[in-house]
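Starting from the structure of chain A, add chain B where the hints point.
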Amino acid sequence: AAGVIQSPRHLIKEKRETATLKCYPIPRHDTVYWYQQGPGQDPQFLISFYEKMQSDKGSIPDRFSAQQFSDYHSELNMSSLELGDSALYFCASSQTGGLENIQYFGAGTRLSVL
Amino acid sequence: DQQVKQNSPSLSVQEGRISILNCDYTNSMFDYFLWYKKYPAEGPTFLISISSIKDKNEDGRFTVFLNKSAKHLSLHIVPSQPGDSAVYFCAASSYSGGAQKLVFGQGTRLTINP
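Protein sequences, first through last, are from chains A and B. Residue numbers for the first sequence follow our numbering, beginning at 1122 and rising by one. Residue numbers for the second sequence follow our numbering, beginning at 212 and rising by one.
Hints were generated in silico from the structure; no laboratory data involved. Just so you know, not all the hints are guaranteed correct.
Derived lysine-lysine pairs resembling DSS-like cross-links, with alpha carbons at most 27 Å apart [claimed, not checked]:
| hint | chain 1 | residue 1 | chain 2 | residue 2 |
| --- | --- | --- | --- | --- |
| 1 | B | K267 | B | K249 |
| 2 | A | K1178 | B | K249 |
| 3 | B | K249 | A | K1134 |
| 4 | A | K1143 | B | K249 |
Just the calculated beta-carbon pair ranges, DEER-fashion [as the list claims (entries may be wrong)]:
| hint | chain 1 | residue 1 | chain 2 | residue 2 | range |
| --- | --- | --- | --- | --- | --- |
| 5 | A | Q1162 | B | S223 | 18 to 24 Å |
| 6 | B | P290 | A | S1191 | 26 to 32 Å |
| 7 | B | D242 | A | R1130 | 32 to 38 Å |
| 8 | B | S262 | A | G1179 | 21 to 27 Å |
| 9 | B | K267 | A | P1160 | 43 to 49 Å |
| 10 | B | N324 | A | S1200 | 27 to 33 Å |
| 11 | B | R320 | A | Q1216 | 39 to 45 Å |
| 12 | B | Q292 | A | R1137 | 34 to 40 Å |
All values reported here derive from a predicted model rather than from experimental measurement. Backbone N, C-alpha and C fix where the C-beta goes; we use that ideal spot for every residue, glycine too.
If we strip away everything but chain B, and leave its shape as in the complex, we get:
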């Protein structure tokens, strides 16, 4: 039962253009959504998050949009740069037993072409 889904295993975008990564979830109890970026042989690196009570959060080139009615969120990267090439994980957070547990999507491999 995959509660967080990233249906695109890979995405290829030209440098300078916009990258849009999508994520769907099923559990309406999630209270925070986070995006992590992962390079090979490294741990996931936190990028940006959004509370379930908001619909947009922006940080530099990165913007996350949340559509609660559709249970869908997206990460926009503009302009895309070669260093953005990595695997991006969408994660959803729920509070349980005193700690926030993360549920991850399967990841999307983003490739930025020069």
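Next up, chain A with everything else stripped away, as it sits in the complex:
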């Protein structure tokens, strides 16, 4: 079965650079979520999109922005990168309408800011 695809898997950037992370949800899933997991921490919700509109926002810095495109893939854009942005970034997708709205996660993008 198709899963959530994230690219790239690994990304190395320097301070003040920009990064773009991509997420391709499971086919027919209409909601995408982004999470950030720092070293030794639990995943923290950043932002979500439902039918290409932002549906909720968590602890996402103003330097970050995201969008969901017409094909439902999503991109997380990160500017003026800081050392503290080094983390695992997970994308998840779900299909609304189900009772549980279970979120299925991609393998993540590991971002290292040097």
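Chain B only, in chain A's frame:
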């Protein structure tokens, strides 16, 4: 403010015995609770969930119990197998802005000893 807590960072269980992972929460508005399993370098994998209106859900070797009055849930794995060794995250779901946002606990590293 940690709304979902897993107070045991690690747990070691012998193969064949029962593993019990615990989770506490503070927000009574959560409507679904989910357990995810995570291997290194992979995204969280959905295991089992329970609605806030139920007190038990079973799926094969995995059973989740919910005690709403105590704001406590637990995951039972029986019998435990070496492949169950992973980090287990408890997550709580609340509906916000058209999407279900997940709040994660800190995770419990389960080790199954042969």
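query: Tell me, which hint numbers fail for this structure?
result: Structure breaks hints 6, 9, 10, 11 and 12.
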